[in-house]
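Using the working numbering, the letters of the sequence shown map in sequence onto residues 13 to 333.
Hints are supplied without guarantee of correctness; some may be wrong.
What the hints assert, rightly or not - DSS-like cross-link-like pairs, simulated, lysine-lysine; straight-line CA separation at most 30 Å:
1. Lys185 x Lys79
2. Lys188 x Lys151
3. Lys326 x Lys183
4. Lys60 x Lys183
5. Lys94 x Lys151
6. Lys231 x Lys183
7. Lys151 x Lys185
8. Lys74 x Lys151
9. Lys38 x Lys60
Keep in mind the hints are simulated off the structure, nothing from the lab.
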Amino acid sequence: VESTSSSYTFSNLTSDATFYVKVYVKDSNNRESSISSTSIKTMIPTIKDVCSSGTNLASCIKSFGDKGSSVSNIYHHDGTLKNGINDNSYRFAGASNIVNNYVCFGTNVTPCPDDNLYRIIGVFGDKVKLIKSTSVENKAWDINDSSTWSTSSLNTYLNNEFITTFDETTKGKIEKATWKVGGNTRDNIEYQPAKTAYQNEVVQPNPGTTSNGETEDNKQIGLMYASDYGFAAAPSAWTSILYDYDGAAIKSANWMYLGATEWTISRRADYSGGAFYVNSDGRVNYNLVYYYFAVRPVFYLSSSVNYASGDGTKNSPIRVN
13 VESTSSSYTF SNLTSDATFY VKVYVKDSNN RESSISSTSI KTMIPTIKDV
63 CSSGTNLASC IKSFGDKGSS VSNIYHHDGT LKNGINDNSY RFAGASNIVN
113 NYVCFGTNVT PCPDDNLYRI IGVFGDKVKL IKSTSVENKA WDINDSSTWS
163 TSSLNTYLNN EFITTFDETT KGKIEKATWK VGGNTRDNIE YQPAKTAYQN
213 EVVQPNPGTT SNGETEDNKQ IGLMYASDYG FAAAPSAWTS ILYDYDGAAI
263 KSANWMYLGA TEWTISRRAD YSGGAFYVNS DGRVNYNLVY YYFAVRPVFY
313 LSSSVNYASG DGTKNSPIRV N
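Given the sequences, and given the hints that come with them, work out the whole structure.
Set out below in structure tokens:
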């Protein structure tokens, strides 16, 4: 590069890379100076590079996502994303150690206690969707062997007992949501890629003959959809059916994979006592609702919640106003 200016700006550099620069000057008589050398390592941008304290959290995440998935590990499902969905969501995807989507919720304690660590599934509309980083405990989907979510024992626990672990101010940050709970058949969820499973779970669930027509539930706390789990994997997995998510390459590139058997919110529509879960081996399957599996609460933050600090890593999780 040549320049007559005393400064020069290099742009479009790769993040997290070391660059070596050598500089010399030449005068009008072509007399050259000695060479000066230096090196510099570029940083990996984080959400705190695009957000300032008091900025709307959902807007922050979208702005970070707009920097590109290679920087943010956020994928904008705008209808043009290959094998994605057209819901305009921004979803984190990729291996757990590179996805910086941790949030410390419900406490100001530093460092953040493990019990207060959550992770961002994505932004849906103007709301941020969180999932607990670890399981609260093993519980039955329904102790009475019914796969009707609105009356299930797990729904009752989440919205009557678990939510009371937060103070009133914190509870006020959790938005009541419309959970799609009609579910579908095995063929339409576990034997489909994430894109199709999403259509069959969320866009057009099939309540079947065993759910008394239930399609929605309006509560503050729910669980992940099977398609949430599917889209948390790196995009290279999005063409695989959810039942095949037990492959090592897929598991290692899915930040939502817990390594434990855990429930989803989706029921098996053609079987009155069945609901879908993520097996400890990583695949999506179904099982009887009275079995005790891990539970990770999921909820949406109010659109008024603002970013306060943090870069999204486990050691420096995002904190909200």
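Right, here's what the structure says about each hint:
1. Lys185 x Lys79: holds (27 Å)
2. Lys188 x Lys151: Cα-Cα ~23 Å, so holds.
3. Lys326 x Lys183: Answer holds: Lys326 to Lys183 is near 23 Å, not above 30 Å.
4. Lys60 x Lys183: Measuring from Cα to Cα gives roughly 25 Å; hence the hint holds.
5. Lys94 x Lys151: Roughly 37 Å between the alpha carbons, so the hint for Lys94 and Lys151 is violated.
6. Lys231 x Lys183: holds (12 Å)
7. Lys151 x Lys185: OK: Lys151 and Lys185 at ~25 Å, within 30 Å.
8. Lys74 x Lys151: violated (34 Å)
9. Lys38 x Lys60: Between Lys38 and Lys60 the Cα gap is close to 41 Å, so the pair fails against 30 Å, i.e. violated.
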